[in-house]
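Respectively, the protein sequence lines represent chains A and B.
Just remember that our numbering sits 150 ahead of the position in the first sequence, which is counted from 1.
Just remember that our numbering sits 90 ahead of the position in the second sequence, which is counted from 1.
Check each hint, because a few of them may be wrong.
Computed footprint of chain A on chain B; a stretch qualifies when at least three of its residues, placed anywhere within it, have a C-beta under 8 Å from a C-beta of chain A [said to hold, decoys possible]:
# : region
1 : 138 to 149
2 : 243 to 257
Okay, the calculated beta carbon distance ranges per label pair [unchecked claim]:
# : chain 1 : residue 1 : chain 2 : residue 2 : range
3 : B       : Lys-409   : A       : His-169   : 56 to 64 Å
4 : B       : Arg-575   : A       : Gln-170   : 27 to 35 Å
5 : B       : Asp-117   : A       : Val-184   : 53 to 61 Å
The set of hints was computed from the structure by calculation and includes no laboratory data.
Glycine included, each C-beta is placed from N, C-alpha and C at the ideal position.
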Amino acid sequence: MPNEPAVPLLNVQIDGVWHQFPKGTRVIEACEQVGIFVPRYCYHKKLSSPGNCRMCLIEMGFPRLGPDRKPELGADGKPIINWMPRPQICCAQDVAEGMAVRTDSPLVKECQRGVLEFLLINHPLDCPICDQAGECPLQEFSVDYGNSQSRFLENKVKKPKAVQLGPRVTLDDERCILCSRCIRFCQEIAHDDVLGFVDRGSHTVLTAHPGRSLDNNYSLNTVDICPVGALTSTDFRFKMRVWFLKETKSICTSCATGCNTVIGTREDVIYRQTPRENDHVNSSWMCDFGRLNYKYLEAPDRLLEPQIRSEGRLVPADWPTAIGQAALQLKQFAGSEIAIVASGRMTNEELWLTTQLANSLGVKRIDIVPRRGKADHILLSKDRNPNTNGARLILGSSSAPGAKLLSIASAVRSGAIKALVILKENAMHLGLSVEELGQMPALIVMNTLPNEATQNATVVLPACGFAEKRGSMVNGKGRLQRLNRAVRPPGNARDDWEILRDLLQATGGGNSLHSIEEVFRRISETVPQFGGLSLSKIGDAGVHILQIEELPPTQPQDQKAIEEAIEIQTRRRAVHEQVHEARARVGASSIEREAAPPR
Amino acid sequence: MADATRIQIPAELEQSMDAAITRYPSDHRRSAALPLLHLWQEHFGFISDEAIFWIAHKLGLEPINILEVVTFYPMFRQHPAGKTHIRVCRTLSCAMAGGLDVMEHLCARLGIRRPNDGDEMHNPIAVSADGNYSVEFVECLASCHTAPVCMVGEKLLEKVNPNSAAELVTNPQSPIGNPKLAWPPNSLEHRLVYKNVGRPGWTTDIDCYLRDGGYEQLKQALTLSRDDIVNKVKNSGLRGRGGAGFSCGLKWSFIKPDEKRPVYLICNADESEPGTFKDRYIIHDDPHQLLEGMLISCYALGAHTAYIYIRGEFPEGAKILERAIEEARQHNFLGKNILGSGFDVEFYIHRGAGAYICGEETGLIESLEGKRGYPRIKPPYFPAVLGLYMCPTIVNNVETLCNIKHIIAMGGAEYARLGRPNNTGTRVLCVSGDVQRPGYFEVEVGAVTMGQLIYEMAGGLHPGRKLKAVIPGGSSAKVLRADERFKLKERKADGSTIEREISIDDIPMDFDSLAAAGSMAGSGGVIVLDDSRDMLWVLNNINKFYAHESCGQCTPCREGSLWMQKITDRMLRGGGVIEDPKQLKTIGDNIAGRTICAFGEACAWPTQSFVQKFPDEFAARAQKPIPPPLPPEYTSEELIEEQSIPIVPMAHDPGWEKAGAKGTI
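For reference, chain B alone in the conformation it holds in the complex (with noise of 0.2 Å):
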């Protein structure tokens, strides 16, 4: 056993983790176990036992809860990686665009052999002979628009040419390709949060947000009561951008005003559901402005204490952050008595570690406080009443908190009138998958339709193809197919309803409307399906995304995503048997609203949505007879009986059918 107190780190490594240790209440000094764990993987590039030891022994734990930790987060490897790691994106909108061919020539031209994903939890990191390069896959890094991407370190590569790919590792001379940000904005647009991302000029310090009016709404609020601020909030009908679209005033106002515990504020920057990418830029092009929306809800709130909770895979938006923080404090928008309002308050970063399930709110909060992201059980752990520390805690979406600087400046009934009744203000759609044009767009909610959308801002479908499916709001939300009518009911100015059929592009994109097409509007992430697509490829890809993210808490949710994808992987090798659908099917049925928390509906929604809506493709890729039941127990190998029928290799083995490789027929 280790001796964790005869370890020697260089005193700077020290510095820094004391440094990052006193962001954290004296009493709650395991939250500090994520940023630790960063601090020593960077330095020393992985994470050994001796870390693991050394962590536990400067926090007061034990060796099991750092292990328990390192374990749960893809982004923590407890193996060395090559000098330069590589990481490639495989979810669906990057795996579409040929992010799998860029794994495929990657391996190729750095000499990687890259083992076939085996029956493990992590997608294996494998290391060139000479150590220099290493290649992994990982889930969504929220670029979705320039797919396919890669990160090579710390840099984000995007719209990466396969064939060139290894050429931009290898080179550091080799020009970055990256796209710039689109400028103007489409004419359909109305911004507000996106009104300076990229926009000519504009940067991210503080003197260029001041210039533009910054910090004008936090002075405006300063003035107001607390209870005048969340009037605002609620009469504006804001509601959350992160996907679940609870009203935001509604969730303000459990927060008692005479609460006697410290209330905390988070934001969820954790963004990580497939096809999503909005708060990228505004993490990475208006820090500011989220640091405003953040102030004022702190106040509003009676908040002293705020942590930004970023994805691990956004190092360089966690640096702008900490910039902009400190520019913040310097100009006492943040600290003791700012303003002179004598209000103090406090921000701090915490950077996550891989884990989709961190975006939930209360597996944020556990991860927020040093553990493994298993959200928890609601009641009794509503964050308002027993949240972060067991105390209120308010977690809201980036994109929600920059609306509220925009609620002061307007006036909530201002703010209300954009948009629809019920879906008020504006929010940022990203579109991505088999468009022209894909971006982000940031529109009245509800203003534009689905056709406006794909056709007039996304630029449509590429020339020759036809509309086969949308995904509306994240890979999670069930699929619509391009040829359903939809039933919307649709109140008028008299109050009374009527119900109009209408096609896919006709669909309003606003949380109602999409609910009501038997969607939803999720995290306005939309992902467009042209008819090249394989359906059961697609599902493939997806349940792949969901079974490596299930936290594995809750039996449902923990065994029923990798059965899905065990079933389609096996579909797509050519052993499906003539039950599979129906199976994936009640699969999805016995998940969905039977776990803790949402990614239940999450991964159960696409398979049952994906099977339903496309069942002559599902049924002519399930025409094996059902084995019989024991004995013989049949394996998936013995399904598939290699020779008698044609194989579609699994997507993610290097040397698949070129023609598989994007899911195209």
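Just chain A, with the same shape it has in the complex (with noise of 0.2 Å):
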């Protein structure tokens, strides 16, 4: 980048080669640039170094110097090195002008089989019973560096086995090296200094204070970072063997951070999400609200069929039928008697059908559910839609998302809308009570699971969760970034876009749409943010579109009425919440949601 302060180059010898690195780079770092790993367990590259596991030892050494002060050349022009007679750690220090090291002499592996042979004595053999098993850099680390028998004839050392440190953290101490990460992790990322060491020596055991449990909203990246077995997810614990999960790369959706996750699935059950690393993102991180908030997807009340109302009554239709009646109902209305809600959780495309849709109909009501929380400063944003930023662009509003939504909602009462689709919203949302919605004309409603808006639906699509469908969408800070199918949908339901498709095509419009890429193409053509743009070009990693300013400023008055109907979505969740406590309390329902289904 021409305007960055030039960081001056360093000459740096790794293995007999000499490299150029930028002056603040860790040795550790420019060697794995240069395509050399060295095994190193309590290094983390987001976190501070302690130099504790001993695994990243190297020889270092500098050039030796001659009376002038001067390097001293050698036969091949090089300089020659004084080697230290000490192996060094290489996660603590930055690479120096002239350093030389050598990652792979016999020393070096004679310090790495050391270490593990250290590391193996009072480290329990469960691997077959182990959740680690299969991505454990213990494991790996002993075949590739390590000794193939043990020589330890003690009795191994005993400590606490399945300590519950948190709501969804499990530890097996015996298990644990100490290195640290976790301990550091807490500290410097999520804030919350909650784990430490106890007692001494070999004795040392890592744990929570009894009065304190790690319960932080950050609390599963450790087992993120954990190189072995020791801490694990209570919620994955026992559940897959990690070997057979698919991964498929994708953003977290339950805020507008779009953190970027792995999802691992085994036939079409998501069995984990982890965080995937984005610097532009989320660093390596994620929070546990986010990547626990995927079982709504498993729900026993998942919508599965298309379904229409008959004699009062909602009854299972196919998609055509379901399709038909839906434009069929839309179309016995003027534009000025419909409205269209639709969700910032939207992708962009599924929104950009919404638009064509509302331009096929010559709707002009249409806007997205603004939903807010408490920012925490690390990853949780306040805005808890994940493509807000996307319906902003696409819906092409002057106003604020959300604005339009108490005009909506009285023009239901006063009857001037006669027409209603929800897509992917509640609307409880809106402030409409359940007798309202029950005589709505026409209420066309798009979800994943059921609510007060699809109970009293006249039709009821049933579609796909993040994890189930392709597209993009645009994160808080203006990054466009893509979702990618882990599992297929349940049942009869139908990615979303498709359904859009279909119900445009039904009223009229959207030829040719074979493709979600045909798709992103029209809309690469119209929002001039998107221009030049494909799916496949927006990458793992995501591109950034837009600077905030870029965005349509918040009118004050809108602002007024987005927090009023935040007002009212939160007064509306709460008794939602009630009443699924109560429900819960007398058994009538046994699902354990740990996180909020987007209802």
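If you follow the hints, you should be able to join the two separate chains into one complex; please do so.
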């Protein structure tokens, strides 16, 4: 980049080859940059370096200086290196001019063998039942750098097993290799200094204070960075061998941050979600709320079949019938009598199709439901919609998202609106009561889970959750990112964009949209910020497409309307949750919901 | 969860805690963790869960921060002890002198059932049924020449006769038979630092010190420039007396003269290397000499705050130093604008709590910051650059700092004339173990040989005994065999060197000669072993010490130190397999040089050297065939097969065979 101040490049010899690295590069990272992996346990590039595991010991040296303080050159014209007698760790030192390192010398190999032997003598041999097996550096390095046989004849040190460190994390202290990554994560990233070592020497034990638990919203990241099977996710524990998991790169849709993720699935069942490194978005972390917010996709009351209202009851229908019925109902009314409530949880492609649908029907009243929570100033955004920015760009509205909701609601009450299309939202959020909804001549609802709106709908269109579809979203900082399909939708549920495309076609528009790529191409042609991009060009890491100032400014009166809408939404949500809890108490529902499903 | 704000403690206690907190910078209240825990334990007897919450709240910390500290330091206990708590030293010199017998007799007389040391970190505290007495094995109490020793409450009992130990404890009237300090000094001694130790009529108060010309060197130093003093120290060639022998002047020169951050001086009074007890007598008998040395050092370094990190097992010493500091303040040697020089300086005592690793300078700094004593990585945390509170810090040993006073008095060049080139000055050697007159001897470095030290100064071996081995510089130094021949290079006056082959008796007691002999001068603690000693037993005792004291940070030391102990435990119990000696050595090889701090070497060197130098003795105890690899997985119990082999019980088991108790064959 031309405007950045030049960082001086330093000459470093790695395994006999000279390379150049910018000043400030860690030696271990420098090695990695040239394709030489130095094994490590305690080192994590996003955390401080305690240098305690001693796995990354290498040989280090500097040029021998002559009497003129200049490096002496050998027969090959290269500096002669004075090697330090003791091996050095490479995780805590930055490169220096003339530094030389050897990562594969006999001494280094002996150090690695020695450290691994020490790590294993008190480590239980329970790999067959350990969740970490298959993605365990202790296993991997043992094969790569360790001994094949144990010389240890003594009794192993006994430590606590299956300790509940917090609601979501279970600890096996005997497996712990005391690398302190989790402690440093809690101190440095989560700002919740809750873990620590007690006792001393080989008897050192990782623990939380008995009066405190590891219950912060980032606790599961400790499981990710634990190099062994000591910290395990209580949710994932003993559920699935990791080598059976299909890994799909995607993004979290629980807030506007859009943390990059890997969804681990097997045979259309999601087993876990883990963060994927992206320094533009989420570093290497994600919050527990987002991570566990996938269970609703397997909820027993998932909408599995299209339904149409017949003689006051919802009855299952096939897709052509349901789409035809929805189009028929909508076409009865003039555009001014129809409102569309879309969602900030929809992808850009879905939102674009929604605008096409609105155009086709002549609908002017269209908005999304804002969703706010408390920001934690780590990753969790106060905007809990993942695609508010996408909605702003694609809906092209000059008012802030959610500003029209109250007027839509009052128009419904006054009878001015006769048909309501609710996409991936609950009409309750508008402040409409069940009775008011029940009186709507046409209520077309697309969603994954049933709610008050679906129960009173005239047509119900079962759609996909975030892990079941493809598409793109624009996060709170203006980065365009991609969702990927990790599992197929259950039952007869369909991909949202296809439902909207079919509905659009049934109302008389939307020709030749055969693929989601085609939809994206249309967006890139019509929305300037998407210009020149395609779904594949977004890539796994996303593309920055807008500075936040580019967004339409929020009108003060809009803000007031949004606050009101949110307040109604919050109130309704509270009532809803109370009912839900009451039901759970009497045993009407045994589903354990760990995170908020998007009802 | 306890609510820290609801816990009530006596107002007086809280006042003293508040006072303790003021000794540290206001943005580093965490440093007061150890002082507060000491105060709490002194008042309530143990550290309760409430205490952890209360102290954490008081210091603005999480309870885990305090729990981490409580469990790291063995002096803090989480359960009540008896009304009288007895700490019996189990480390080498005391164990050889019958320290284990002391424990056995105490348990028998006081009606205490002491559990076998199980697979636990700290030695268990056993309380008598009536709750009046409790006993605990502790590591070296730094009084090896008066072994065996124990501490009853805060009182040190020396040369304890196992048979009368219980009487001393139960009967407050019984006379304590602690030996008097030896006087006059041996004719081979050259006393500078120890000039007043044991001197008749000498007292620790400032008047006595002033009558002897005390604080004159401080006054003189205040007329010099800081550079002058640093140069004097450089010219003196003074090497650190704590163990590493690093040049003191060089260390000081790392502090930039125009340093903007506060500079700290820390006096390392955490003397705990087994076999070493030299700092004890400076602290207990000549505290003002230490203060004067520190004051001159502070002035030279531009340090306005100094901490004396004194080991927790010196409660008496801490009180003496507190009093000395108060006296010095009254005389304006300490405080604002000392002696009208415009220089402000303040000293504070910080007590440790039983962790050997806090003698390592970066471990000490962490401990002083109120954390577990985990040594720091170097680079980047060189104390002179990023030390206490990430400020430039100089950590010097007690004896080193005392020498500063004498360097000012004599001048650097004159001081350098004492001793040998590169090994200048005097140093205090501590002799313990199998000699007739163990004790401390201040000699010019290298002026006496090992033979002179053992035979002429320490009274020689016990009648009928022959020298078997010497550990020359604290228990971590490599052992020297009595019949070894050593090749030492000697520099002659014209600069040429000649190589001499000498016996152990002829090794000069200096840094370079002992290093050339394959060991080190270390902390000056010389442990003499005669031909009655079982080297496996000795090594096992040392291994226990290091396994107990490993901080547990680095993998090799954490796992290796306990592994070596477990192997020697098993060998002692008759379960040694053929591979054991070789295995012990390779474990040591895998630790030494691969850890953050020098503890790696400290715990590896004894094993490496004992196994290498006494191969027959170790081979004789490692006769069993190597068991086949898995399956079946062997346990050490299975290897021992209790009936079929003669058992030498573990030394710390109550009821061991008498012959084995002191490690004698």
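Each hint, compared with the structure:
Coverage of the region 138 to 149 of chain B by chain A holds. Counting CB-CB distances below 8 Å, 3 residues qualify, and the rule asks for three or more. Counting residues of the region 243 to 257 of chain B whose CB lies closer than 8 Å to any CB of chain A gives 0, so the stated coverage by that chain is violated, three being the minimum. For the hinted restraint 56 to 64 Å between Lys-409(B) and His-169(A), the CB-CB distance of approximately 60 Å keeps it satisfied. About 53 Å separates the C-beta atoms of Arg-575(B) and Gln-170(A), a value inconsistent with the hinted range of 27 to 35 Å.
Checking the proposed 53 to 61 Å range against Asp-117(B) and Val-184(A) shows it is violated: the Cβ atoms sit about 42 Å from each other.
Checked against the numbered hints above, the structure violates hints 2, 4 and 5; every other hint is satisfied.
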